[in-house]
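Asker: Spelled out, the chains give:
2 protein chains.
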Amino acid sequence: MRDVAVVGVGVNKWGELWELSLRDIFVDAALKAMGDAGVDKIEALYVGSMSPGLFVGQEHLASLLADYLGQCPIPAMRVEAACASGGMAMRAGWMDVALGLHDVVMVGGVEKMLDVDGGAATYALATAADQEWECYNGATFPGLYAMMANAYQAKYKIPFETFRDQLAHVAVKNHANGLNNPHAQYHMKLSLDDVKKATMVADPLRLYDCSPITDGAAAMIVCPVELAKTKFKNHPIVTVIGTGAATDTIALHDRADMTWIKSTEVAAQQAYKMAGVGANDINVTEVHDCFTIAEICVTEALGYFPAGKGGEAAMAGATAMGGAKPVNTSGGLKSKGHPVGATGIAQIIELALQLRGEAGPRQVNKARLGLAQNMGGSGGSSVVHILKAL
Amino acid sequence: MRDVAVVGVGVNKWGELWELSLRDIFVDAALKAMGDAGVDKIEALYVGSMSPGLFVGQEHLASLLADYLGQCPIPAMRVEAACASGGMAMRAGWMDVALGLHDVVMVGGVEKMLDVDGGAATYALATAADQEWECYNGATFPGLYAMMANAYQAKYKIPFETFRDQLAHVAVKNHANGLNNPHAQYHMKLSLDDVKKATMVADPLRLYDCSPITDGAAAMIVCPVELAKTKFKNHPIVTVIGTGAATDTIALHDRADMTWIKSTEVAAQQAYKMAGVGANDINVTEVHDCFTIAEICVTEALGYFPAGKGGEAAMAGATAMGGAKPVNTSGGLKSKGHPVGATGIAQIIELALQLRGEAGPRQVNKARLGLAQNMGGSGGSSVVHILKAL
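Heads up: the sequence lines are chains Z and L, in that order.
Numbered as in the numbering used here, the first sequence ends at 391 without a single skipped number.
Numbered as in the numbering used here, the second sequence ends at 391 without a single skipped number.
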């Protein structure tokens with residue numbers, strides 16, 4: 002098994018990209034990644050996207066993107082695991098390079114979500130839930146995560162006002178971090194009151210507890226570490242030392258405990274074991290904060306905080322810049338945006354920048370080990386990667 | 002790199018499965034594969050499906066299927082490459098086992114296409130073409146393959162009646178083979194006249210030149226060859242000795258030559274090289290006959306016949322049972338049906354049965370080496386696998 006390095010990264014400005022189509026957005030990010038690595042040719046492409054079929058009427062995405070990137074006849078594969086599609090694409094590209102199938106491989110992700118109206122976007126996203134049992138009864142993701150939030154508050158007997166503050170702290174922190182990320186969709190400082198008084202979406206989740214609908218792409222160049230040492234000298238080398246992936250019941254109501262993201266726990270344990278490190282060793286973390294409650298549950302499942310204590314930790318500043326465990330220095334899905342297929346790739350790009358020491362005003366001091374957690378649906382899929390500065 | 006074996010196969014009866022949902026169909030095939038191998042637990046799942054989002058409003062497919070198969074928390078990944086999704090899923094599962102990530106892995110494919118009306122199914126399939134340049138102008142796949150057929154006839158200056166006979170021979174042969182496949186959607190013997198006088202779909206392609214719309218699934222268990230030798234003794238061992246994948250322009254009009262499936266040529270050359278064999282060595286072949294013209298072009302791109310001679314070869318019986326190069330002994334997409342995500346897996350299952358000597362009345366005598374060619378769109382993606390009886 003060959004060790005794998007990340008040697009090029011590219012993200013475009015995320016947001017409402019009305020003037021660009023899906024292929025334009027991806028090619029933009031892909032060319033940035035190729036420029037960052039200093040290559041004009043790739044040998045294979047793995048691309049994560051959740052539903053280009055429902056969002057823009059385009060399947061066969063990997064062929065399209067290899068074509069528009071001028072890279073045919075390279076092999077190209079699209080990978081889908083709902084909102085964890087990007088992380089899964091990374092895993093597929095990692096397998097390819099680790100196996101020795103190809104040397105210079107692109108892994109990327111893209112979603113163009115704003116070409117349909119809000120109802121159609123909510124429908125498309127809801128296809129990550131169980132169509133026959135959840136969607137059929139009207140459930141969409143704000144509602145499912147609201148149920149997780151209510152179950153969490155009840156299970157751990159947290160006074161409602163305290164719990165509401167815990168959720169708000171996650172949003173305030175991530176938007177504060179996002180102010181320092183030029184690629185983020187939303188650059189706006191939020192106060193606790195802004196979050197707590199925002200429009201209700203699904204009780205207790207309000208507008209700023211929810212990640213937005215976003216057009217965006219992200220891409221990376223990966224290669225064997227030995228090749229990185231000799232041929233890719235633009236940046237410090239960052240290596241992938243652990244990967245883990247796991248599933249849980251797709252339907253939230255089938256879980257033994259709605260407040261515990263079991264798939265993240267299992268994926269993280271696999272990744273820690275492969276990397277030979279533990280939760281305490283991680284310096285910088287990107288998690289899948291599709292909703293504020295998700296960040297709280299995930300930081301517990303990763304082993305950062307005890308069960309029921311993730312909200313307290315957020316409120317105490319443990320996950321903020323300068324805290325013991327900085328989480329979502331990029332701004333997270335909350336501020337950076339959530340073009341679902343691209344999210345998992347952008348998380349790993351943030352780690353690469355942090356571990357290179359190129360994260361600018363959001364740089365975590367002495368970051369040596371980073372972890373990215375990407376999640377599909379209400380936790381039906383999780384993918385975890387651990388990266389290290391060589 | 003570990004050698005990979007196929008140790009369990011499962012297909013259900015394909016057709017119009019009104020009483021079953023997507024998950025039912027897949028679980029049925031998956032349990033058959035597990036039963037065939039003699040396992041009740043798998044370690045990872047790779048599933049190919051083209052557009053469960055457009056066909057049944059369900060993405061996040063791999064999580065759903067792992068769940069309904071009772072296999073959580075195993076990692077599960079959906080792979081998409083339009084109609085080559087099944088072959089691509091095989092490639093992903095092969096990478097996993099070859100790398101040593103897991104030992105007992107399921108690769109499968111599924112599509113439930115009949116829950117939408119014919120127009121919506123044609124729309125969903127057309128998303129495998131270039132949405133902005135082909136679909137926008139009204140092109141669907143019968144039209145695109147009809148253009149390939151007309152270009153082929155013109156390029157090789159074949160008299161129309163002769164060419165029409167060549168196409169018809171492919172349909173007649175595949176439907177004759179399908180009579181011996183209990184899982185096939187259509188069991189009907191066709192005459193040349195039946196094919197040549199059928200309803201026109203897109204000139205020169207008539208009804209029986211086109212593969213049907215189908216509900217179906219297929220699944221296999223793959224594992225390292227060394228493990229197969231010690232633990233899987235239900236059947237003779239079949240090994241995967243070559244894999245190749247390639248892309249071409251997604252849009253047909255961007256090709257240098259509309260009659261030459263370049264992606265298949267490139268993928269086949271990769272697979273031949275890895276396997277250390279050539280076109281002449283292959284005893285039994287499954288190709289992607291989504292339309293009769295496709296089988297003719299593909300047998301040329303695989304190197305079986307010279308360019309422009311594939312139709313003549315079909316007419317001369319070279320690709321029939323008992324011919325020098327039997328192709329689509331399963332009945333092909335034409336007779337067996339074409340649930341797009343499942344097709345690439347079912348092709349490999351047919352090879353496994355042939356190489357085990359378990360193909361019953363359609364058994365090819367002394368079959369030792371088999372090749373499966375799976376294709377997306379009008380050739381924007383191709384995947385080729387070569388299997389061998391150990």
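Be aware that a few hints might be false.
Heads up, the list lumps identical chains together, so a pair's fine if it works in one copy or across two of them.
The list that follows gives simulated cross-link-like pairs (lysine-lysine, DSS-like), each with its CA atoms no further than 25 Å apart [claimed, not checked]:
id : residue 1 : residue 2
1  : LYS310    : LYS42
2  : LYS158    : LYS367
3  : LYS367    : LYS156
4  : LYS230    : LYS14
5  : LYS42     : LYS274
6  : LYS310    : LYS263
7  : LYS42     : LYS263
Hints were generated in silico from the structure; no laboratory data involved.
Asker: Look at each hint and say if it fits the structure.
Answerer: Now for the hints, and whether the structure bears them out:
With identical chains, the CA atoms of LYS310 and LYS42 are never at most 25 Å apart, being 47 Å at best within one copy and 35 Å at best between copies. Taking CA atoms no more than 25 Å apart as the test, LYS158 paired with LYS367 passes in neither setting, with 38 Å inside one copy and 70 Å between copies. Proximity of LYS367 to LYS156 under the C-alpha cut-off of 25 Å is found in neither arrangement, the shortest distances being 37 Å within a copy and 65 Å between copies. Taking the shortest alpha-carbon separations for LYS230 and LYS14, neither the intra-copy value of 30 Å nor the inter-copy value of 53 Å comes in at or below 25 Å.
Taking the shortest alpha-carbon separations for LYS42 and LYS274, only the inter-copy value of 22 Å comes in at or below 25 Å, while the best intra-copy value is 34 Å. Taking CA atoms no more than 25 Å apart as the test, LYS310 paired with LYS263 passes inside one copy only; the shortest distance there is 16 Å, against 57 Å between copies. Taking the closest pair of Cα atoms, LYS42 and LYS263 come within 25 Å of each other only across two copies (19 Å); inside a single copy the shortest separation is 40 Å, beyond that limit.
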